[in-house]
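The listed protein sequences correspond, in order, to chains A and B.
Residue numbering for the first sequence follows my numbering, beginning at 1 and increasing consecutively.
Residue numbering for the second sequence follows my numbering, beginning at 334 and increasing consecutively.
Because the hints were derived from the structure by calculation, they are not lab data.
Among these hints, one or two may not hold up.
[Unchecked claim] With a Cα cut of at most 25 angstroms, we get these calculated SDA-like pairs of lysine to any residue: (1) 360(B) <-> 565(B); (2) 519(B) <-> 70(A); (3) 101(A) <-> 528(B); (4) 94(A) <-> 501(B); (5) 203(A) <-> 246(A); (6) 203(A) <-> 43(A); (7) 519(B) <-> 89(A); (8) 519(B) <-> 322(A); (9) 203(A) <-> 101(A); (10) 94(A) <-> 522(B); (11) 66(A) <-> 88(A); (12) 101(A) <-> 518(B); (13) 238(A) <-> 276(A); (14) 76(A) <-> 108(A); (15) 519(B) <-> 29(A); (16) 12(A) <-> 522(B); (17) 104(A) <-> 511(B); (18) 519(B) <-> 112(A); (19) 76(A) <-> 523(B).
[Stated by the list, open to error] Going by beta-carbon spacing under 7 angstroms, a handful of chain B positions derived as facing chain A: (20) 464; (21) 466; (22) 506.
Note that beta-carbon positions come from the ideal geometry of N, C-alpha and C, so glycine has one too.
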Amino acid sequence: MGRIVLDKVTKKFGHVEVIQPLDLTIEEGEFVVFVGPSGCGKSTLLRLIAGLEDVTSGEIYIDESKATELPPAQRKLAMVFQSYALYPHMSVRKNIAFPLKMAKMSQVEIDRRVNAAADVLSLTDYLDRRPAQLSGGQRQRVAIGRAIVREPSAFLFDEPLSNLDAALRVGMRLEISELHARLKTTMIYVTHDQVEAMTMADKIVVLQGGVIEQVGSPLELYRNPCNRFVAGFIGSPKMNFIEGDEAANYGAHTIGIRPEHIVVSESNGDWTGVISVSEHLGSDTFFHVHGTGLAETITVRADGEVAFKHGDTIHLSPRVEMIHKFDAKGLRV
Amino acid sequence: MMAPAVMLLLGWMLVPLIMTLYFSFKKYLPLRGGDLGWVGFDNYVRFVSSSSFWPSVSTTLIIVGGVLAITLILGTLLALLLDQPMWGQGMVRILVIAPFFVMPTVSALVWKNMFMDANYGLLSYLWEFFGAEPVQWMSQASLISIITIVSWQWLPFATLILLTAIQSLDHEQLEASEMDGATTLKRFWYIILPHLSRAITVVLLIQTIFLLSIFAEIFVTTAGAFGSKTLTYLIFQRVLESQNVGLGSAGGVYAIILANIVAIFLMRIVGQNLDK
Numbered sequence: 001m002g003r004i005v006l007d008k009v010t011k012k013f014g015h016v017e018v019i020q021p022l023d024l025t026i027e028e029g030e031f032v033v034f035v036g037p038s039g040c041g042k043s044t045l046l047r048l049i050a051g052l053e054d055v056t057s058g059e060i061y062i063d064e065s066k067a068t069e070l071p072p073a074q075r076k077l078a079m080v081f082q083s084y085a086l087y088p089h090m091s092v093r094k095n096i097a098f099p100l101k102m103a104k105m106s107q108v109e110i111d112r113r114v115n116a117a118a119d120v121l122s123l124t125d126y127l128d129r130r131p132a133q134l135s136g137g138q139r140q141r142v143a144i145g146r147a148i149v150r151e152p153s154a155f156l157f158d159e160p161l162s163n164l165d166a167a168l169r170v171g172m173r174l175e176i177s178e179l180h181a182r183l184k185t186t187m188i189y190v191t192h193d194q195v196e197a198m199t200m201a202d203k204i205v206v207l208q209g210g211v212i213e214q215v216g217s218p219l220e221l222y223r224n225p226c227n228r229f230v231a232g233f234i235g236s237p238k239m240n241f242i243e244g245d246e247a248a249n250y251g252a253h254t255i256g257i258r259p260e261h262i263v264v265s266e267s268n269g270d271w272t273g274v275i276s277v278s279e280h281l282g283s284d285t286f287f288h289v290h291g292t293g294l295a296e297t298i299t300v301r302a303d304g305e306v307a308f309k310h311g312d313t314i315h316l317s318p319r320v321e322m323i324h325k326f327d328a329k330g331l332r333v
Numbered sequence: 334m335m336a337p338a339v340m341l342l343l344g345w346m347l348v349p350l351i352m353t354l355y356f357s358f359k360k361y362l363p364l365r366g367g368d369l370g371w372v373g374f375d376n377y378v379r380f381v382s383s384s385s386f387w388p389s390v391s392t393t394l395i396i397v398g399g400v401l402a403i404t405l406i407l408g409t410l411l412a413l414l415l416d417q418p419m420w421g422q423g424m425v426r427i428l429v430i431a432p433f434f435v436m437p438t439v440s441a442l443v444w445k446n447m448f449m450d451a452n453y454g455l456l457s458y459l460w461e462f463f464g465a466e467p468v469q470w471m472s473q474a475s476l477i478s479i480i481t482i483v484s485w486q487w488l489p490f491a492t493l494i495l496l497t498a499i500q501s502l503d504h505e506q507l508e509a510s511e512m513d514g515a516t517t518l519k520r521f522w523y524i525i526l527p528h529l530s531r532a533i534t535v536v537l538l539i540q541t542i543f544l545l546s547i548f549a550e551i552f553v554t555t556a557g558a559f560g561s562k563t564l565t566y567l568i569f570q571r572v573l574e575s576q577n578v579g580l581g582s583a584g585g586v587y588a589i590i591l592a593n594i595v596a597i598f599l600m601r602i603v604g605q606n607l608d609k
């Protein structure tokens with residue numbers, strides 16, 4: 001269970017078309033991440049699948065049956081919201097039990113499922129507390145608990161980690177991945193953070209301006225971005241783009257080279273520049289190089305032990321096999 | 334620093350309070366001999382043993398309770414309605430709030446003469462249109478009339494407070510409950526109403542304090558006749574109509590005690606609510 005198909009789905013708010021005709025198939029058990037800059041329509045797309053917004057045209061199929069006109073509750077999907085959307089006046093137990101109570105399930109079954117969910121999410125000690133008495137990570141787990149007790153055919157996550165601090169975010173990222181490995185239920189996850197997309201997804205859907213730019217596995221998108229936008233969006237730090245004569249040497253309008261695919265040297269290399277900022281992370285060092293005459297800044301990743309500093313002259317050599325070529329329209333050559 | 338303000342407040346409150354206490358222990362009849370000396374607790378005993386006392390207490394409770402029920406229920410419904418996006422929302426909201434700006438005396442007169450007059454009131458035309466006998470509102474249904482008038486005045490206040498409370502409800506909570514399978518009615522019961530509980534308590538507290546002392550609406554419409562005499566009105570009659578200042582003052586002291594009991598109860602409810 002949990003195959004979702006979108007067929008020529010569009011959404012207009014007034015005269016603004018936020019989702020242009022869009023086809024997408026989400027296979028059973030897949031972890032799909034919708035990623036894109038803010039305003040790209042990724043949250044709207046999720047809300048269309050959830051049924052919280054109505055499609056302007058097109059059809060949505062869930063488990064082979066048409067769900068376009070179904071109200072949210074009957075689509076057998078569970079959603080985790082950005083603000084968690086816990087019910088503040090109910091205890092954790094009542095929050096998790098709420099969807100079951102609405103489904104008029106027997107009290108015995110409700111108790112069994114709530115306790116099982118609390119066990120999985122290590123919330124057993126907090127069942128009688130109110131949401132206000134919990135930390136951000138615990139609230140997040142309650143929201144997930146409320147979703148899993150319904151045993152839905154798919155989970156929808158709307159930027160669920162954006163309200164957590166950095167350390168907690170990494171932890172919850174792992175927990176959600178583990179949960180997916182255990183439940184094997186379809187999950188659709190919306191985020192603007194490409195790191196979350198790369199680390200969690202089976203399949204990434206990159207959106208921009210209501211259009212799907214590319215769909216593929218994380219490494220596929222990293223290795224073979226189909227256009228300049230995807231190339232720049234996936235990967236951190238961002239890919240360097242070089243236009244002009246240097247690009248023409250490679251027979252392209254623009255060439256792109258990732259910071260990690262440039263070799264640095266003290267003495268010789270293809271390009272020469274001056275380091276304006278060096279960021280030492282310990283494991284890696286990122287250099288922002290100016291004055292190469294190719295682009296305003298070239299970002300380079302080097303080993304953490306490389307001993308360049310601000311103001312040093314540095315020589316760079318791109319790994320030729322890792323260069324991405326794009327035409328004038330930004331499409332991959 | 335604060336001394337002048339405190340002095341002013343003390344004078345403002347203490348002088349009337351002490352004078353009320355002072356007169357309540359005296360037989361003081363301004364038109365029938367003036368100050369006739371100390372009488373101990375005689376006035377207190379006479380005030381509660383009067384045949385008008387218990388009816389006035391029950392009338393007070395009926396009016397306060399009736400107005401609270403009507404304003405809270407209709408106020409919640411109106412607030413839900415005004416929260417919906419609609420054409421001319423700003424204008425409608427101003428119109429809904431308008432009755433609050435009409436003075437009690439004026440609104441009571443308007444209701445009495447324009448709507449509830451048995452001969453030429455709009456309601457009697459309505460009754461006649463359906464072939465019914467027009468109601469003599471002030472005499473046959475005095476309490477209902479007064480409750481209607483006072484509710485009309487206080488409905489905007491309740492609506493306004495409840496509307497702001499509804500607008501502060503996190504939209505994602507409603508969407509979450511929708512995904513969880515709650516119907517419109519259940520969403521209201523499990524999500525919106527608990528969210529409104531604090532605002533409802535605040536409305537309850539503030540309105541009770543003001544409703545215990547309504548006077549103009551009764552004075553203008555029935556002048557206390559037809560069983561519409563509240564405790565406040567009874568005190569007014571004792572002092573000004575019977576010219577018995579001592580007896581009225583004793584009633585005033587009872588009213589102070591009653592209002593404080595209500596206030597303590599409500600403060601505790603509000604306190605508990607604010608702790609959450």
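Comparing the hints with the structure gives:
1. Between residue 360(B) and residue 565(B), the direct Cα distance comes to roughly 20 angstroms. Compliance with the 25 angstroms bound is thereby established for this hinted pair.
2. Taking the CA atoms of residue 519(B) and residue 70(A), the gap is near 19 angstroms; set against the 25 angstroms cutoff, the hint holds.
3. For the given pair, residue 101(A) sits about 19 angstroms from residue 528(B) by alpha-carbon distance, which is consistent with the 25 angstroms threshold.
4. The straight-line distance between the Cα atoms of residue 94(A) and residue 501(B) is roughly 22 angstroms, inside the 25 angstroms bound, and the hint therefore holds.
5. Pair hint residue 203(A) plus residue 246(A) does not hold up; C-alpha atoms about 34 angstroms apart against a cutoff of 25 angstroms.
6. Proposed proximity of residue 203(A) and residue 43(A) is supported: the alpha carbons are some 17 angstroms apart, at most 25 angstroms.
7. Between the alpha carbons of residue 519(B) and residue 89(A) the distance comes to roughly 15 angstroms, so the proposed pair stays at or under 25 angstroms and holds.
8. Annotation: proposed proximity of residue 519(B) to residue 322(A) is violated, straight-line Cα distance about 58 angstroms (limit 25 angstroms).
9. Restraint check for residue 203(A) and residue 101(A): the C-alpha separation of about 34 angstroms exceeds 25 angstroms, so the hint is violated.
10. For the hint linking residue 94(A) to residue 522(B), the alpha-carbon distance of about 14 angstroms falls within 25 angstroms, and the restraint holds.
11. In summary, the hint linking residue 66(A) to residue 88(A) is not supported, as the alpha carbons are separated by about 35 angstroms, beyond the 25 angstroms threshold.
12. Distance check on the hinted pair: residue 101(A) and residue 518(B) sit about 14 angstroms apart at the alpha-carbon level, within 25 angstroms; holds.
13. The hinted pair formed by residue 238(A) and residue 276(A) meets the criterion: a straight-line CA distance of about 17 angstroms does not exceed 25 angstroms.
14. This hinted pair checks out: residue 76(A) and residue 108(A) have alpha carbons roughly 22 angstroms apart, not beyond 25 angstroms.
15. A distance of roughly 32 angstroms separates the Cα atoms of residue 519(B) and residue 29(A); the hinted pair therefore is violated under the 25 angstroms criterion.
16. Between residue 12(A) and residue 522(B), the direct Cα distance comes to roughly 33 angstroms. Violation of the 25 angstroms bound is thereby established for this hinted pair.
17. Between the alpha carbons of residue 104(A) and residue 511(B) the distance comes to roughly 15 angstroms, so the proposed pair stays at or under 25 angstroms and holds.
18. Only pairs whose Cα atoms come within 25 angstroms are accepted, and residue 519(B) paired with residue 112(A) is accepted, the gap being roughly 24 angstroms.
19. Taking the CA atoms of residue 76(A) and residue 523(B), the gap is near 21 angstroms; set against the 25 angstroms cutoff, the hint holds.
20. Because the closest C-beta pair between residue 464(B) and chain A is about 46 angstroms apart, greater than 7 angstroms, the hint is violated.
21. Taken as an interface hint, residue 466(B) does not check out: its beta carbon lies about 50 angstroms from the nearest beta carbon of chain A, beyond 7 angstroms.
22. Annotation: residue 506(B) was flagged as interfacial toward chain A, and the flag holds, the nearest CB pair being 5 angstroms apart, inside 7 angstroms.
Of the numbered hints given earlier, the model fails hints 5, 8, 9, 11, 15, 16, 20, 21; all others are met.
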